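Peer 1: Residue-level listing of the chains:
There are 2 protein chains.
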Amino acid sequence: MKPLILVTNDDGVNAPGIAALVEMVRPLGRVIVVAPEEGNSGMSHAITIKVPLRLTKVKEEEGLVIYSCSGTPADCVKLAMSEVVKEKPALLVSGINHGSNSAVSIVYSGTMAAAMEGSLYGIPSVGFSLLDYSYDADFSAAVIHGRPIAARVLEEGLVRGGCLNVNFPVLPSDMIKGVKVCRMSAGSWREEFEKRIDPRGHEYFWLTGSYHNAEPASTDTDEWALTNGYISIVPINMDYTNYQEMEKMKNWELISNKNEATI
Amino acid sequence: MKPLILVTNDDGVNAPGIAALVEMVRPLGRVIVVAPEEGNSGMSHAITIKVPLRLTKVKEEEGLVIYSCSGTPADCVKLAMSEVVKEKPALLVSGINHGSNSAVSIVYSGTMAAAMEGSLYGIPSVGFSLLDYSYDADFSAAVIHGRPIAARVLEEGLVRGGCLNVNFPVLPSDMIKGVKVCRMSAGSWREEFEKRIDPRGHEYFWLTGSYHNAEPASTDTDEWALTNGYISIVPINMDYTNYQEMEKMKNWELISNKNEATI
Chain B
-8 MKPLILVTND DGVNAPGIAA LVEMVRPLGR VIVVAPEEGN SGMSHAITIK
42 VPLRLTKVKE EEGLVIYSCS GTPADCVKLA MSEVVKEKPA LLVSGINHGS
92 NSAVSIVYSG TMAAAMEGSL YGIPSVGFSL LDYSYDADFS AAVIHGRPIA
142 ARVLEEGLVR GGCLNVNFPV LPSDMIKGVK VCRMSAGSWR EEFEKRIDPR
192 GHEYFWLTGS YHNAEPASTD TDEWALTNGY ISIVPINMDY TNYQEMEKMK
242 NWELISNKNE ATI
Chain X
-8 MKPLILVTND DGVNAPGIAA LVEMVRPLGR VIVVAPEEGN SGMSHAITIK
42 VPLRLTKVKE EEGLVIYSCS GTPADCVKLA MSEVVKEKPA LLVSGINHGS
92 NSAVSIVYSG TMAAAMEGSL YGIPSVGFSL LDYSYDADFS AAVIHGRPIA
142 ARVLEEGLVR GGCLNVNFPV LPSDMIKGVK VCRMSAGSWR EEFEKRIDPR
192 GHEYFWLTGS YHNAEPASTD TDEWALTNGY ISIVPINMDY TNYQEMEKMK
242 NWELISNKNE ATI
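Note that the protein sequences, when read in sequence, are chains B and X.
Okay, so the first sequence: first residue is -8 according to the numbering used here, each after it adds one.
Okay, so the second sequence: first residue is -8 according to the numbering used here, each after it adds one.
Keep in mind that the hints were calculated from the coordinates and are not lab data.
No false leads were slipped in.
PhoX-like mimics (lysine-lysine), calculated; alpha carbons at most 20 Å apart, straight line:
1. X:Lys77 / X:Lys50
2. B:Lys(-7) / B:Lys79
3. B:Lys168 / X:Lys241
4. X:Lys186 / B:Lys77
5. B:Lys186 / X:Lys41
6. B:Lys48 / B:Lys77
7. X:Lys48 / B:Lys186
8. B:Lys41 / X:Lys186
9. X:Lys79 / X:Lys(-7)
10. X:Lys77 / X:Lys48
11. B:Lys186 / X:Lys77
12. X:Lys77 / X:Lys(-7)
13. B:Lys77 / B:Lys50
14. B:Lys48 / X:Lys186
15. X:Lys168 / B:Lys241
16. B:Lys77 / B:Lys(-7)
Listing some non-contacts, in silico: residues in chain X with all C-beta distances to chain B over 10 Å:
17. Pro(-6)
18. Pro7
19. Glu28
20. Leu55
21. Ser59
22. Lys79
23. Ser209
The structure presented is a predicted model; accordingly, all values stated were derived computationally and were not measured.
Glycine included, C-beta positions come from ideal geometry on N, C-alpha and C.
Next comes chain B alone, as it looks inside the complex (with noise of 0.2 Å):
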């Protein structure tokens, strides 16, 4: 039997991206879809506690199942795993994302909080995202590509905890250079907030910023990747600790002997 392949995304169940990963992945598995109902950009690892969760069955063909859930993506993980799938997925694919994820916006993506939350499932999972924003972005490149890296990924697994941040430039298929392991970029996000007001004379505010590298000239990392032509490959590690950091504070623990001293 075919490997059972989960597939999300965090532009909603109806977004042409997760019909393109969809058509990447449908030649290597069986297909299981639980993504949102509603696009969920920008939600992060968000997980819904206040309110409970609907799922509902869309499609069912051979080789495809698609349900659409009323929750976060990282939600649409935790349905799918708990009442969904009957066995373990061999991969989680999340995307394709309408607009970038590479660098620091891995911390506010829904598609790769997607990938994350099956990697702490012990999925191999991988994330894709497609640098142009627009509702009618051009898949086909990043479904030809996708394809091999999708399919090495279930041949070889990754390791647990693990997962990818696979980000495509914007080109035609053949222009692409090649592929390129990264290191996530450093930088951030510098917010400019449009502040409006409102018929009622009350102020409000539009989130708006743009990207800045703190390192362009560093050529290791997917930014510089993705600018010159490459898909980048940021392999992500679900372990947070500044272990340089740990061993320069272990004199902080003095305080300890403080506490200790006054009990």
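Start from chain B and add chain X according to the hints.
Peer 2: Relative to chain B, chain X alone:
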């Protein structure tokens, strides 16, 4: 002039935990609070894109100004940095969270997302959490033992892009054994959705679950420290790259040669 301290949380501007946090840091500087209007537990690093944000000044007195914001914890930090503070804060503190944010719970935590967002602005940032989910939790030991930690971060700073995840065990002040600088414990939440039927006969699911510690015998983790009566401090790294896996995957770039060969 005393240093500027930015305060936020995810339980909302009216939560007892943030009042305790203000009490903790007020002796150390001028305090500006920008916190969510409502509870945002489990919101992770979500940002608000679809609707604009509102900002309301709810209190102003000597050395303390409090704003509520209609958005998420990450929104609060971004809006505070863009629209509220006139100088870069010397410290950001988030919490005190009602409930643990140890181990992998950091992934789902709005409290820690706010601290991580602060660190992306280059502000030394600390998230504080107490292992008691109840509304009327006793934060007095956290106030006593958290203050020297906050003071030390103010004094020494933290490497850019880093922040601290501080958790307090549920113990009286004089029963706390001390402070341990730890690594993030490996483990995951095991979900068990509770399925119910609504009055119209349709299924819905409530998220429940319990934390599974993958390494209960390891004595250098935050889970161990908390179980054994210590305050845990985990320094957080905002670079999520898995460098070990990155080296192992270098041969994946062979795909690129194949692509180049077809050009």
